[in-house]
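Peer 1: Chain A is fixed; fit chain B onto it per the hints.
Those protein sequences? They're chains A and B, same order as listed. 310 is the number that the numbering used here gives the last residue of the first sequence; the numbers go up by one with no jumps. 416 is the number that the numbering used here gives the last residue of the second sequence; the numbers go up by one with no jumps.
Treat the hints as calculated values from the structure; they're not laboratory data. Heads up, a few of these hints could be off.
[Unchecked claim] Going by beta-carbon spacing under 8 Å, a handful of chain B positions derived as facing chain A: (1) 190; (2) 193; (3) 195; (4) 196; (5) 266.
[To be verified] Straight-line distance between alpha carbons at most 20 Å, and here's what the computed EDC-like set of lysine to aspartate or glutamate pairs gives: (6) B/317 to B/259; (7) B/391 to B/65; (8) A/236 to B/177; (9) B/232 to B/259; (10) A/162 to A/259; (11) B/309 to A/96; (12) A/16 to A/208; (13) B/105 to B/132; (14) A/200 to B/259; (15) A/236 to B/183; (16) A/200 to B/183; (17) B/389 to B/132; (18) B/317 to B/307; (19) A/105 to A/49; (20) A/260 to A/157; (21) B/389 to B/307; (22) B/310 to A/92; (23) B/98 to B/132; (24) B/317 to A/92; (25) A/200 to B/305; (26) B/290 to B/259; (27) B/309 to A/92; (28) B/165 to B/132; (29) B/241 to B/291; (30) B/241 to B/220; (31) B/317 to A/96; (32) A/200 to B/280; (33) B/279 to B/259; (34) A/42 to A/58; (35) A/188 to A/221; (36) B/310 to A/127; (37) B/361 to B/377; (38) A/260 to A/284; (39) B/310 to A/96; (40) B/232 to B/283.
Glycine is no exception: its CB is placed at the ideal position from the N, C-alpha and C atoms.
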Amino acid sequence: MATVQQLSTKHVLGIKYLTAEDIHLIFDTAQTFKEVLNRPVKKVPSLRDVTIANLFFENSTRTRISFELAEKRLSADVVNFSASSSSVKKGETLLDTVNNILSMKVDMVVMRHPAPGAHHFLSQHIDANIINAGDGTHEHPTQALLDAFSMQEAIGDLTGKKVAIFGDILHSRVALSNIFCLQRLGAKVRVCGPPTLIPKYINQLGVEVSYSVLDTLRWCDVANILRIQLERQDIKYIPSLREYSKYFGINKDLLDQLDKRIVVMHPGPINRGVEITSDVADSEHSIILQQVENGVAVRMAVLYLLAATR
Amino acid sequence: MNFLLKNLTILGESSTTNILIQDGIIQAIGPDISAENAEEKEFNGAIVSSGWMDADVQVGDPGLEHREDLSSAAKAAAAGGFTAFACQPNTQPVLQSKSEILYIKNNSQALIVDVYPIGALSHNCEGKEITEVVDMHHAGAIGFSDGKRSIQHSGLMLRALQYVKTVDGIVINRPLDAAINGEGQIHEGYVSTTLGIKGSPSLAEEMMIQRDLYLTAYAESKLLIAGVSTAKGVELIRQAKAEGVQVKASVAVLNLLFDESSLSTFNSNLKVKPYLRSKEDQEALWAGLKDGTIDMIISNHFPLEEEAKKLEFSYAKFGAIGLETAFAALHSQLNGRMSSEALIQKLATGVRQVFGLPIPKIAVGEKANITIADPSDIWTFKRQNILSKSKNTPFINALFKGRVLGVVNGIRTHFN
Numbered sequence: 001m002a003t004v005q006q007l008s009t010k011h012v013l014g015i016k017y018l019t020a021e022d023i024h025l026i027f028d029t030a031q032t033f034k035e036v037l038n039r040p041v042k043k044v045p046s047l048r049d050v051t052i053a054n055l056f057f058e059n060s061t062r063t064r065i066s067f068e069l070a071e072k073r074l075s076a077d078v079v080n081f082s083a084s085s086s087s088v089k090k091g092e093t094l095l096d097t098v099n100n101i102l103s104m105k106v107d108m109v110v111m112r113h114p115a116p117g118a119h120h121f122l123s124q125h126i127d128a129n130i131i132n133a134g135d136g137t138h139e140h141p142t143q144a145l146l147d148a149f150s151m152q153e154a155i156g157d158l159t160g161k162k163v164a165i166f167g168d169i170l171h172s173r174v175a176l177s178n179i180f181c182l183q184r185l186g187a188k189v190r191v192c193g194p195p196t197l198i199p200k201y202i203n204q205l206g207v208e209v210s211y212s213v214l215d216t217l218r219w220c221d222v223a224n225i226l227r228i229q230l231e232r233q234d235i236k237y238i239p240s241l242r243e244y245s246k247y248f249g250i251n252k253d254l255l256d257q258l259d260k261r262i263v264v265m266h267p268g269p270i271n272r273g274v275e276i277t278s279d280v281a282d283s284e285h286s287i288i289l290q291q292v293e294n295g296v297a298v299r300m301a302v303l304y305l306l307a308a309t310r
Numbered sequence: 001m002n003f004l005l006k007n008l009t010i011l012g013e014s015s016t017t018n019i020l021i022q023d024g025i026i027q028a029i030g031p032d033i034s035a036e037n038a039e040e041k042e043f044n045g046a047i048v049s050s051g052w053m054d055a056d057v058q059v060g061d062p063g064l065e066h067r068e069d070l071s072s073a074a075k076a077a078a079a080g081g082f083t084a085f086a087c088q089p090n091t092q093p094v095l096q097s098k099s100e101i102l103y104i105k106n107n108s109q110a111l112i113v114d115v116y117p118i119g120a121l122s123h124n125c126e127g128k129e130i131t132e133v134v135d136m137h138h139a140g141a142i143g144f145s146d147g148k149r150s151i152q153h154s155g156l157m158l159r160a161l162q163y164v165k166t167v168d169g170i171v172i173n174r175p176l177d178a179a180i181n182g183e184g185q186i187h188e189g190y191v192s193t194t195l196g197i198k199g200s201p202s203l204a205e206e207m208m209i210q211r212d213l214y215l216t217a218y219a220e221s222k223l224l225i226a227g228v229s230t231a232k233g234v235e236l237i238r239q240a241k242a243e244g245v246q247v248k249a250s251v252a253v254l255n256l257l258f259d260e261s262s263l264s265t266f267n268s269n270l271k272v273k274p275y276l277r278s279k280e281d282q283e284a285l286w287a288g289l290k291d292g293t294i295d296m297i298i299s300n301h302f303p304l305e306e307e308a309k310k311l312e313f314s315y316a317k318f319g320a321i322g323l324e325t326a327f328a329a330l331h332s333q334l335n336g337r338m339s340s341e342a343l344i345q346k347l348a349t350g351v352r353q354v355f356g357l358p359i360p361k362i363a364v365g366e367k368a369n370i371t372i373a374d375p376s377d378i379w380t381f382k383r384q385n386i387l388s389k390s391k392n393t394p395f396i397n398a399l400f401k402g403r404v405l406g407v408v409n410g411i412r413t414h415f416n
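Here chain A stands alone, though its shape is the one from the complex:
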């Protein structure tokens, strides 16, 4: 007896708008697609005749390629747009840009945008399914989904597991989406970094806060290490990268002091020698490349399930 399973929403604007059931459904579907990706023929016809526009108003390599591959593996028709080569520079509004593209009969929009809430704004004015590929310092839901999916793969059910997020929490959409996603899945979350890079009210989200890297490494089962987002810092929140890497970076010496083995993750791109040293990034602790691989499967799942809501 087959039951038709659907997401509770027609857009993926952020993890906070998804239910735990949505997340489990995405994971189950991603598992199937991961198997497909390891077959000799990696392509399925699921999204044939669905047109997807990838709108990137902010630079991206990994996420853009991951989405594009996911779309192509599903046989969707894909158009790409990036702000640097667009009319945005001529002063066109987001709404006009997107409406122009939608006039060409596009079904789904994958968008990265520097403004928090840009996808919300768009969802109130257009008809297509919208997937948030990062909106400023707000959310990056597919990153959080692939992170949690990869954690589950590494350590099993996340209920009661301890996940620490290290680094620039203040400017990180990955941190926020990770917190929401991990909490939906029953994990405990702690953030760790310089006090100036941790939002004052983050504890109201039910996460712990620590300024000690070693304490936090001892506490956690998984360490998700974020990049220092210098491009988002309008003022200096830390004195220097040198001091940051010395007191907040993760290195082999720290891991050697632990009496257990933890999983190390990083959403990329890595600043080797700043927030993470090479001997950690490339160690047996690290699942950084598995995250990238899972990214395609998870994005295929999200695209596939959203298309089913049409």
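Peer 2: Relative to the frame of chain A, chain B by itself:
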């Protein structure tokens, strides 16, 4: 034109009466009066009070007339029950000398509302050098402020407070410390954290209120804190008043009606300054209003073109229009915090008392300057009925309880 306004309840009285207005003068008041050659209007017991005044209106005249000019602002004000308002100096050019003050005075002579310009405190509202405030005072400026810009420089603020004593003037400042505030888009708290939006700590307001209170006490001068939004800010003002500091305070309508939670859907029409803060802050503002710590309510009318609002939240400009909805929106949400009569009393007298302006009397022989409001009227606010040139309001299609029925200011009238 003569009017016989029938069945009105004069604020503070229990029975209804009629008012006869001839050529802008109240000629007779009484339940049995009648008149020939007068247009009769029936009000079914609605409340009449002295005409209301708003102290915080942004007009785009001169320079930004596409947002609002004096004429459209006056129409919006009258529709909202106001017969007078003070306008901010943030125009292009800035209202910073006698000639700009006279421009406002001269161009508002024929309007239904009395317009009182606020002169800029510093050149171009840049917060550096003090303007010719004495000259502006004599031309008709009722206070001095950099308007929507907070005065950051403590030295300038002190000198301004001292210098306006020449004319027994009042300095008006919107408290927000720029260095602490940074690029704050909304109140810093739970909502800003979950939305990943830069937050403005309450501290940014509280610190400047504290500074300004110190400076005012030192200078023995007069200060109006425009648009307090934090509970701590209210408490600081309460204490200062108890200590005898000559400080007055206003609160904006939207701060009384909304808290940060209403921004969780990125509604750019609620992107305003003063920031919509926490539920506790909101209740402290009502408490401050009730116990007199806060002297007056301001519409904080800030017209903006659609292109400035129909945008990604962080790119949208701050501000909302508010003249036409101030009373109805507040009255709809009183929820027992205040009586209808007390609200009307605040609107009629709060601002004029702060600025030392005479409060219009409803008496035979006086110039008619009245506002009529029906607290029980239930109506929907529609976009097509907005008289302001700008439509940036969170209240389109809102259902209100309480409505302004009309105003009379001398020979000029407006009936909704």
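Peer 1: Compare the structure with each hint and give your call.
Peer 2: Now for the hints, and whether the structure bears them out:
no., hint, in the structure
1, 190, "holds (5 Å)"
2, 193, "holds (5 Å)"
3, 195, "holds (6 Å)"
4, 196, "holds (4 Å)"
5, 266, "holds (4 Å)"
6, B/317 to B/259, "holds (19 Å)"
7, B/391 to B/65, "holds (14 Å)"
8, A/236 to B/177, "holds (19 Å)"
9, B/232 to B/259, "holds (16 Å)"
10, A/162 to A/259, "holds (16 Å)"
11, B/309 to A/96, "holds (14 Å)"
12, A/16 to A/208, "holds (19 Å)"
13, B/105 to B/132, "holds (17 Å)"
14, A/200 to B/259, "holds (19 Å)"
15, A/236 to B/183, "holds (14 Å)"
16, A/200 to B/183, "holds (16 Å)"
17, B/389 to B/132, "violated (32 Å)"
18, B/317 to B/307, "holds (9 Å)"
19, A/105 to A/49, "holds (11 Å)"
20, A/260 to A/157, "holds (18 Å)"
21, B/389 to B/307, "holds (13 Å)"
22, B/310 to A/92, "holds (13 Å)"
23, B/98 to B/132, "holds (8 Å)"
24, B/317 to A/92, "holds (17 Å)"
25, A/200 to B/305, "violated (35 Å)"
26, B/290 to B/259, "holds (19 Å)"
27, B/309 to A/92, "holds (15 Å)"
28, B/165 to B/132, "holds (13 Å)"
29, B/241 to B/291, "holds (12 Å)"
30, B/241 to B/220, "holds (13 Å)"
31, B/317 to A/96, "holds (19 Å)"
32, A/200 to B/280, "holds (18 Å)"
33, B/279 to B/259, "holds (6 Å)"
34, A/42 to A/58, "violated (29 Å)"
35, A/188 to A/221, "holds (10 Å)"
36, B/310 to A/127, "holds (17 Å)"
37, B/361 to B/377, "violated (25 Å)"
38, A/260 to A/284, "holds (13 Å)"
39, B/310 to A/96, "holds (11 Å)"
40, B/232 to B/283, "holds (12 Å)"
Going down the numbered hints, you'll see the structure goes against 17, 25, 34 and 37, while the others check out.
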